[in-house]
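Protein chains in written order, with this note's numbering: chain S, 106 to 449; chain G, 22 to 596.
One thing to keep in mind: the hints can contain errors.
[Unchecked claim] Residues of chain S placed beyond 10 Å of chain G at every Cβ, according to the derived structure: (1) R116; (2) L133; (3) F137; (4) G141; (5) S152; (6) L161; (7) R247; (8) R441.
[Claimed, not checked] Not everything, but these chain S residues come out facing chain G in the computed CB check (under 10 Å): (9) G162; (10) S168; (11) L194; (12) S312; (13) G391; (14) E410.
No wet-lab data here; the hints were simulated from the structure. For each residue, glycine too, the CB sits at the ideal point set by N, CA and C.
Below, each chain spelled out in residue letters.
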Amino acid sequence: MTAWMDPRARRRFWKNRGARIGVLLVGLLVVFALVGPLVSHHDPYASDFRGGATALGEPVGPSATYWLGTDRIFRDVYVRLAYGARLSLVIAISSTLISTVIGAAVGLVAGYYEGTEGVRVPYLSIAGALVGFVLVVAGHTRAGGTALALAALAAVLAWIVKPGAIASGPGLDADSALMRLVDVGLSFPFLLLVMALAAAFDRTTVSTILWTLGLTSWLGTARVVRAKTMQVRSLDFIGAARALGQPVPRILLRHVLPNVAGPVIVLSTAQVASMIVAESVLSYLGVGIAPPTPTWGHMLYEGQEVYLGAPWLLAAPAAAILLSVLGFNLLGEGLRDALDPKED
Amino acid sequence: MRSIRRKTEAAFGALLAAGAFGCREPPPAPLPHGSSPAPVRGGEMHLASFGDIKSLDPAVAGDTLTGEVIELMYAGLVDFDAQGHVVPDLAERFERSDDGLVYRFFLREGIRFHDGSPVTARDVKRSIERTLHPDTPPTFSAFYDRIVGFDDYQGRRADHLAGVVVEGERVVAIHLREPDASFLAAFAMQNLRPVCPSAGDRYDDTWQPCGAGPFKLEAWDRGRSVRLVRFDGWWQPGKPYFDALTYTYGMNMSTERFKFERGDLDVDRELLLADIFRYQGDPRWKPLGAYDAAPSIGGEEMNVEIAPFDNVEVRRAVACAIDREQIRMVKPPALTPLYRVLPPTLSGDDPSFPGQKYDYAAALEHMRRAGYPYDPATGKGGWPKPIVYVTYKQGLVEYTAQVIQQQLARIGLRLEIRMVSYPTYLAMSKRRGTVAITNSGWSQDFPDASDFFEPIFATAAINDEDSNNGSFYSNPKLDDILVRARKELDPAVRKRLYDDADAIVCDDAPWAMEYLYRYYGVHQPYVRDLAQHNVWSNYVRDAWLDKPPARTSSARASVRLAPRSLLGSILAVLE
Chain S
106 MTAWMDPRAR
116 RRFWKNRGAR
126 IGVLLVGLLV
136 VFALVGPLVS
146 HHDPYASDFR
156 GGATALGEPV
166 GPSATYWLGT
176 DRIFRDVYVR
186 LAYGARLSLV
196 IAISSTLIST
206 VIGAAVGLVA
216 GYYEGTEGVR
226 VPYLSIAGAL
236 VGFVLVVAGH
246 TRAGGTALAL
256 AALAAVLAWI
266 VKPGAIASGP
276 GLDADSALMR
286 LVDVGLSFPF
296 LLLVMALAAA
306 FDRTTVSTIL
316 WTLGLTSWLG
326 TARVVRAKTM
336 QVRSLDFIGA
346 ARALGQPVPR
356 ILLRHVLPNV
366 AGPVIVLSTA
376 QVASMIVAES
386 VLSYLGVGIA
396 PPTPTWGHML
406 YEGQEVYLGA
416 PWLLAAPAAA
426 ILLSVLGFNL
436 LGEGLRDALD
446 PKED
Chain G
22 MRSIRRKTEA
32 AFGALLAAGA
42 FGCREPPPAP
52 LPHGSSPAPV
62 RGGEMHLASF
72 GDIKSLDPAV
82 AGDTLTGEVI
92 ELMYAGLVDF
102 DAQGHVVPDL
112 AERFERSDDG
122 LVYRFFLREG
132 IRFHDGSPVT
142 ARDVKRSIER
152 TLHPDTPPTF
162 SAFYDRIVGF
172 DDYQGRRADH
182 LAGVVVEGER
192 VVAIHLREPD
202 ASFLAAFAMQ
212 NLRPVCPSAG
222 DRYDDTWQPC
232 GAGPFKLEAW
242 DRGRSVRLVR
252 FDGWWQPGKP
262 YFDALTYTYG
272 MNMSTERFKF
282 ERGDLDVDRE
292 LLLADIFRYQ
302 GDPRWKPLGA
312 YDAAPSIGGE
322 EMNVEIAPFD
332 NVEVRRAVAC
342 AIDREQIRMV
352 KPPALTPLYR
362 VLPPTLSGDD
372 PSFPGQKYDY
382 AAALEHMRRA
392 GYPYDPATGK
402 GGWPKPIVYV
412 TYKQGLVEYT
422 AQVIQQQLAR
432 IGLRLEIRMV
442 SYPTYLAMSK
452 RRGTVAITNS
462 GWSQDFPDAS
472 DFFEPIFATA
482 AINDEDSNNG
492 SFYSNPKLDD
502 ILVRARKELD
512 PAVRKRLYDD
522 ADAIVCDDAP
532 WAMEYLYRYY
542 GVHQPYVRDL
552 AQHNVWSNYV
562 RDAWLDKPPA
572 RTSSARASVR
582 LAPRSLLGSI
592 LAVLE
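Just chain S, same shape as in the assembly (with noise of 0.2 Å):
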């Protein structure tokens, strides 16, 4: 895994105990939502009222039919954990992979564009396009029709005749348009957010927790990716790759993007933790996933209620959310420390 660095980093990687222990915790987390659910010949939905609760009506303990006993319907919590993993995984793992890319793409139009002068913007366009969209959406539509249509028209108008010149404000570069957009949704407190967006949903699936989360973190990224960028683009070999004749997004994604690759690979794997524990923290107050699926936080929720006759149902989810979490924030640390030449 660390073959794409060079051989001092990773020298410094693997000499880090912290990282190993790492990579560790997140091999065997992966290897857990793999195969856990394999190994177990159990049912994750279905209760037994059975074998599986006490005569009084408890969950039974851990055993050798019930590796970390039941819960509070009488279903197998470690079958219910190994799919817990898989959920949490592919969650956190894809809500990262979108807000990476967003982030870093973000970061990459306005780092390279920053301080040069902008495009001029048809603010009456602009407004005459959200007019219709909001007259359509409020039912509408020919109205809102009408007024999309001679949005469209002012802008090719402008276009044409000279840009600029009918229907269009002071000029607005891509940089402060994007960076101001990304300022406004830093002032949102995130788990706010995500809370609100995930209440907002009908039924909250494994897809829209995943998109609400992805597309509510990028903030950070796009930040970093930037200043990265700023500082890349005034080296040599950009000018003259654009001496060159080359095209901006050649630029962008061959010389640019390997060289603010390793602080976005850092924050990515630190982020896989954030999202492991936001997406529990929204299933453990209701808004996540509804059940019966399992999810760690919604298990832990339901620990709680009867912690005190059968504490595995509280510490299984409890210990599965920490591991997951250290694993991958020493990954990150570990990755950090190996690719920060300061050190060396």
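Based on these hints, arrange chain G on the given structure of chain S.
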């Protein structure tokens, strides 16, 4: 972002540690109490619930939780005593005419509203008309349709309710168009209780709640808490005993338990399964706990206007597919399987009554007759689409929902659970054409069989919003039996009529009956005279506080050292 993560990690770690050490820890000792032989005045009562209240106006209050506060803030002309008998309250006496058509109430002298104005017969009439006005959400108006002039008033053909007659400053008479065996009990309920003149003639949800009960409202922080203080103009000398009462809403059930054990709450009635076992198994706590006297029934409410439950065979299939013994296992100390509408206290628990029983083969047969045959071997067939099941997060129902989901999947009905907040659940489940199936319950308002049919299964109980009849079930035959039963004054004939009604509901299955729910509550030993009331839940109106002279600080300090209270503090922070 990062700081949030750190905090969450720390909390999870602490939860884990507390879980490992807290295993099987017995409850802490009950807090010390004084030894006063007679009731003493003073102190503040603290109660809490996971739920919330929408209104403090008796005209629209319908749920149990709101009823607890209404009972303290508003007094009626008559009320129920702890055994469930109707007794005078604001009225010093009442009489019924020999033909059973006129009830006459004589108000006490000198009774006042919380704003200081006197309670007169005109106020009584105004309050009744305000509640029964067609513009007021008709929560329970079906109970009062026998009052003379009710139909004209509801139909806006009359400005006043002719059957309510002011016969003097302190005398009011209610005329019925036919005898009604349950009228007095219905009148003792909360909806018609006198409200202050500031309430006006018409219901208005911006009104500042004000009544003539033993406590008056001091503050209502919506969604969080209600604080009541003693009303010094109450007619009973020396009563009520405590100075104030704070009711906190939206509290996590675990937090309730921690706060209760620390003495921050005086009564805890929303106990988690493990806690019921803990308190019942501890000799120090056992005498401080009790089951509620008033029964509640619970079941799956199926909307007969929404497919597939518009098909009676599908509803019958559900009624047969539910294994009530398994449902009981979700909370054994609180649940008893229920196979019919009436609880045993009212039905006499007749074993020969057919009712609704678990019968898997019959359930499959009903699905076949409905036109949706299901093959358990292949898992093919049944209703083709997922059915949305609406429920809320807290306590019992989210678990029964998951068991029901498993049981109905076995007959080809695939439920998709949707979790909403409790107020959303209340609004959605009682709105026409909105929810196909959900868990529903009914707590006894007064000990009479009519209370388990008319408000929830009669056609008159259907409304587009806030419909107590949440299945929107309407059966003229049932309506007819209910009318006859209410007019009937012979108990044996009445019982037979209500058995017939029960059989009809069990067969048409707008509900699949599931369980009888009994609340188990515990209180600290210094809470005295906490009555087990046969009608009102959490009845603290006559309770008093007997705290020892200022020694609680040492008791609290020792409790704080336990890992359990560490977890309690964390949960309180997380809330």
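Verification of the hints:
The claim that R116 (chain S) lies off the interface holds: its Cβ sits roughly 29 Å from the closest Cβ of chain G, which is beyond the 10 Å cut-off. A cut-off of 10 Å between C-beta atoms confirms that L133 (chain S) is not in contact with chain G; the least separation is 18 Å. The Cβ of F137 (chain S) lies farther than 10 Å from every Cβ of chain G, with a closest approach of about 18 Å, so its non-interface assignment holds. Its beta-carbon lying about 20 Å from the closest one in chain G, G141 (chain S) satisfies the requirement of being farther than 10 Å from that chain.
Listed as outside the interface, S152 (chain S) is inconsistent with that label: its C-beta sits roughly 6 Å from the nearest C-beta of chain G, within the 10 Å cut-off. Not every C-beta of chain G lies more than 10 Å from that of L161 (chain S), the closest at about 7 Å, which undercuts listing it as non-interface. With a least CB separation of 29 Å from chain G, R247 (chain S) remains clear of the 10 Å interface cut-off, as annotated. Remark: the non-interface label on R441 (chain S) is consistent with the geometry, its nearest Cβ contact in chain G lying 14 Å away (cut-off 10 Å).
For G162 (chain S), the interface hint holds, since its Cβ comes within 10 Å of a Cβ in chain G; the closest pair sits about 4 Å apart. For S168 (chain S), the shortest C-beta to C-beta distance to chain G is roughly 16 Å, which exceeds 10 Å, and the interface hint is violated. A hinted interface residue such as L194 (chain S) counts as satisfied when its beta carbon comes closer than 10 Å to some beta carbon of chain G; here the least separation is about 18 Å, so the hint is violated. At its closest, the beta carbon of S312 (chain S) sits 15 Å from a beta carbon of chain G; the interface hint therefore is violated under the 10 Å criterion.
Restraint check, G391 (chain S) versus chain G: the minimum CB separation of about 4 Å is within 10 Å; hint holds. Taking 10 Å as the C-beta cut-off, the interface hint given for E410 (chain S) holds, the closest approach to chain G being about 5 Å.
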